[in-house]
Amino acid sequence: MGVDILSYIFSFVVYVLLQGLVLNHINFLGDVNPYLYVLFILHLPTGCNRTMVQILAFLLGLSIDFFSGTIGVNAGATLLMGFLKPHMDKIFSPREDNKMIVPGFRSYGTNTFIQYASILVLAHHIALFTLSAFTFDKLHLVLFKGVCSTLFTLLLIFIIEYYRSKRRIDD
Amino acid sequence: MNTLLQFIRKFSNLILFLLLELVCLILVARFNVYQGFQVNTTCGSVIGGMNSVRTDVNQYFSLTEQNQMLAEHNSRLQGEIRRLESRLLQIENDTNYLKRKAFADEKKYTFHTARVVNVRRDNFKNIITIDKGEADGIRQDMGVISSNGVVGIVSGVTEHFSLVLPIINIDSKTSSIIKGKKGTGIISWSGGDIRKASMEQVPNYINVAEGDTVETSGYSTIFPAGINIGRVESFEKGNDDFYEITVRLSQDYSSLLFVDVIDFGYSAELQELNSKIIKEDNK
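Chains as they are written, first to last, in the numbering used here: chain A, 1 to 171; chain B, 1001 to 1283.
These aren't lab readings, by the way, just hints derived from the structure by calculation.
Since the structure is predicted, the reported quantities are computational estimates derived from the model, not experimental observations.
Glycine included, each C-beta is placed from N, C-alpha and C at the ideal position.
Do not rely on the hints blindly, as some may be mistaken.
[Unchecked claim] Away from chain B, derived, C-beta distances all over 12 Å, residues of chain A:
#1 102
#2 104
#3 164
[Claimed, not checked] Which bits of chain A does chain B cover? Going by a derived footprint, with three or more residues having C-beta under 8 Å, they are:
#4 43–54
#5 75–81
#6 109–120
#7 123–137
Based on the provided sequences and hints, a complete structural model is requested.
Structure follows, in structure tokens:
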């Protein structure tokens, strides 16, 4: 367990740096960016303390905000995701007992994980763009940009998951 | 009291979520882009330093492109010099012209070249950070251009960095004119495609055509007249007496590396004059 916490702290830092220094500047087709750092929240084990998930989500979002100078935007969106995640775990998790498992293609099954990730990532991205615009006037643009970025993020997540699941089998 | 405690315990996660979300909303509302920018580019701060390093690394990868651009810019300027030289030859006999020209030069605009450190382009409030600040003579409300045309307006200055509000920010408004047609209007961006902006308040008795050049009007001290903004892509007559014009921007925000900040020497004086007029009006 001690090693686990260390590896989570390590991945937290890696996600923040990767997002802040690389992914925020991809600007695919003009202005579509992936927000891969949400994978940190998706990978938190099921049955994890809900308060802790929310606080971690808030801190993760705030760290990203410090990089992009958008104080509160990523924090608010990631917090929403942290709030929803345990509920989604309840719906999609294959096990009834409270044993901790890390959500992924292997543990959840490919289809279930795709549904689970899509719902959470879409919720995060729509919240992110709504907070970023900070108005409901531009709803159509918020939805359009949100969906474009969601597809990009999900593509990256699924590629990473694919290699993770393969690696686990090889072990 | 006991039931209240039980209630809090039962809904502790929901309460925590709502509280933190409220904090976020307050942060978003309170920290506008400029304060956010100060948080992330304050000199010596870790993140500001890392962003600079990232830009340095990126610039290495685009050295060829940059050379190409500078060479093009150079040749354009060479051409300009030749054109001006020949024009000067033509009019050298007109001493009055030279006198007027000297006067104009005196109050003319000076330029500070700056490097683009960061372009935040992932949402509605796009922001550009450049590596010149107060110490280099940059002040609030100076115009920023590149060899492609207008970039934006300086809207936040720290010691060594400045923040530029580009045309592609939903808060940006730039006074503009359709070249040769006297049709003035306001350029603004609606939040969609970053290659297009809309031009409003152009009266519809003016004969607009697709492909017309849109440039700065020179009615403010921010930009001199005649700096390229873009071309009319499409237009239609709106409900009122104004056109709704879509402009294809000449500025390519995805390859912006160097910009020029325009320093209009007399802007303080002119502002003082304007504020006097406003005071007179208020009396």
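Hints versus structure:
1. With a minimum CB-CB distance of about 21 Å to chain B, residue 102/A clears the 12 Å threshold, and the non-interface call stands.
2. No beta-carbon of chain B is positioned within 12 Å of the beta-carbon of residue 104/A; the least distance is around 24 Å.
3. No beta-carbon of chain B is positioned within 12 Å of the beta-carbon of residue 164/A; the least distance is around 27 Å.
4. Only when three residues or more bring their CB closer than 8 Å to a CB of chain B does the claim for the region 43–54 of chain A stand; here the count is 3, and the claim holds.
5. For the region 75–81 of chain A, the stated coverage by chain B is satisfied: 4 residues place a CB nearer than 8 Å to a CB of that chain, which reaches the threshold of 3.
6. Counting residues of the region 109–120 of chain A whose beta carbon lies closer than 8 Å to any beta carbon of chain B gives 0, which falls short of the minimum of three for the stated coverage.
7. Look at the region 123–137 of chain A against chain B: 5 of its residues bring a Cβ nearer than 8 Å to a Cβ of that chain, three or more, so the hint holds.
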